[in-house]
Amino acid sequence: GAGVSQSPSNKVTEKGKDVELRCDPISGHTALYWYRQSLGQGLEFLIYFQGNSAPDKSGLPSDRFSAERTGGSVSTLTIQRTQQEDSAVYLCASSTGTSAQETQYFGPGTRLLVL
Amino acid sequence: GNSVTQMEGPVTLSEEAFLTINCTYTATGYPSLFWYVQYPGEGLQLLLKATKADDKGSNKGFEATYRKETTSFHLEKGSVQVSDSAVYFCALIGGYGGSQGNLIFGKGTKLSVKP
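Residue numbers (the numbering used here), protein chains in the order written: chain A, 3 to 117; chain B, -8 to 106.
Source of the hints: derived by calculation from the structure; they are not laboratory data.
Among the hints, a few may not be true.
The calculated BS3-like cross-link candidates involving lysine-lysine, where the alpha carbons are at most 27 angstroms apart (straight line), are [to be verified]:
1. B:K98 / A:K59
2. B:K98 / A:K13
3. A:K19 / A:K59
4. A:K13 / B:K101
Ranges between beta-carbon positions, derived for each pair [unchecked claim]:
5. B:A44 / A:P63: 30 to 38 angstroms
6. B:G(-8) / A:S101: 15 to 23 angstroms
7. B:T11 / A:V76: 36 to 44 angstroms
Part of the chain A face toward chain B, derived, beta carbon under 8 angstroms [said to hold, decoys possible]:
8. I28
9. Q106
10. G111
Here the structure is a predicted model, which means the values were calculated and not measured.
Heads up, the beta-carbon is just placed ideally off N, CA and C, and yes, glycines get one too.
Produce the complete structure using the sequences and hints provided.
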């Protein structure tokens, strides 16, 4: 079956512009996560959604970052007024639930470069 | 809060050598432990996991045992191949402290295997 997909695969933008990154989780997975991977910070959690519950936003680094999940499926991560330190690979993952035993399946990522 | 510490890389080995990548964690309660692998140019993949103390996860010749007494989850392989060259990430979910849903990753260890 299809895995997690993300688009675009690469995005180059100018400092100060807004960007939107998209994630399509595995069909039937109720939990969806966003992480980012950067040279300086490693792999960091950003936000996760579980079913109809309020999202856990505890990892978002600033109020320029937001995410939504429509219809319990596709998710969009939005970064407003991008800064150079936002350059990273943004990873999306999904799982059947958020219990500690669940395996998270990752997409290929979106590589963001802010000039 | 919860955290994961893994040995710094890079690690360079000859083919058929024995591999150990150390991983220790800090967590309250009973987290689940994971090893993820990122092959060059590819996304993160689950390599193995263990969800309770003394469990052994294994896959593709790799093994790791969940040791609660030493808070460790060291990755081992008896005979590495060139195709094992990748970055390996130790991670945890859950326990009583910190977020239940998201993965907390170590910094990653880059392994290079020479023929």
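Hints versus structure:
1. Distance restraint check for B:K98 and A:K59: the Cα-Cα separation of roughly 22 angstroms lies within the 27 angstroms cut-off, and the hinted pair is therefore satisfied.
2. Restraint check for B:K98 and A:K13: the C-alpha separation of about 25 angstroms stays at or below 27 angstroms, so the hint holds.
3. Distance check on the hinted pair: A:K19 and A:K59 sit about 22 angstroms apart at the alpha-carbon level, within 27 angstroms; holds.
4. Note on A:K13 and B:K101: the hinted pairing holds, with a Cα-Cα distance of about 26 angstroms set against a maximum of 27 angstroms.
5. A C-beta distance of roughly 34 angstroms is found between B:A44 and A:P63, which places it inside the suggested range of 30 to 38 angstroms.
6. Remark: the range hint 15 to 23 angstroms for B:G(-8) to A:S101 is upheld by a beta-carbon distance near 19 angstroms.
7. Look at B:T11 against A:V76: about 41 angstroms separates their beta carbons, and that is inside 36 to 44 angstroms.
8. Hint on A:I28 is violated. Least Cβ distance to chain B is approximately 13 angstroms, over the 8 angstroms limit.
9. A hinted interface residue such as A:Q106 counts as satisfied when its beta carbon comes closer than 8 angstroms to some beta carbon of chain B; here the least separation is about 6 angstroms, so the hint holds.
10. With a least beta-carbon distance of about 6 angstroms to chain B, the hint placing A:G111 at the interface is held under the 8 angstroms criterion.
In this structure, only the earlier hint numbered 8 is contradicted, and the remaining ones agree with it.
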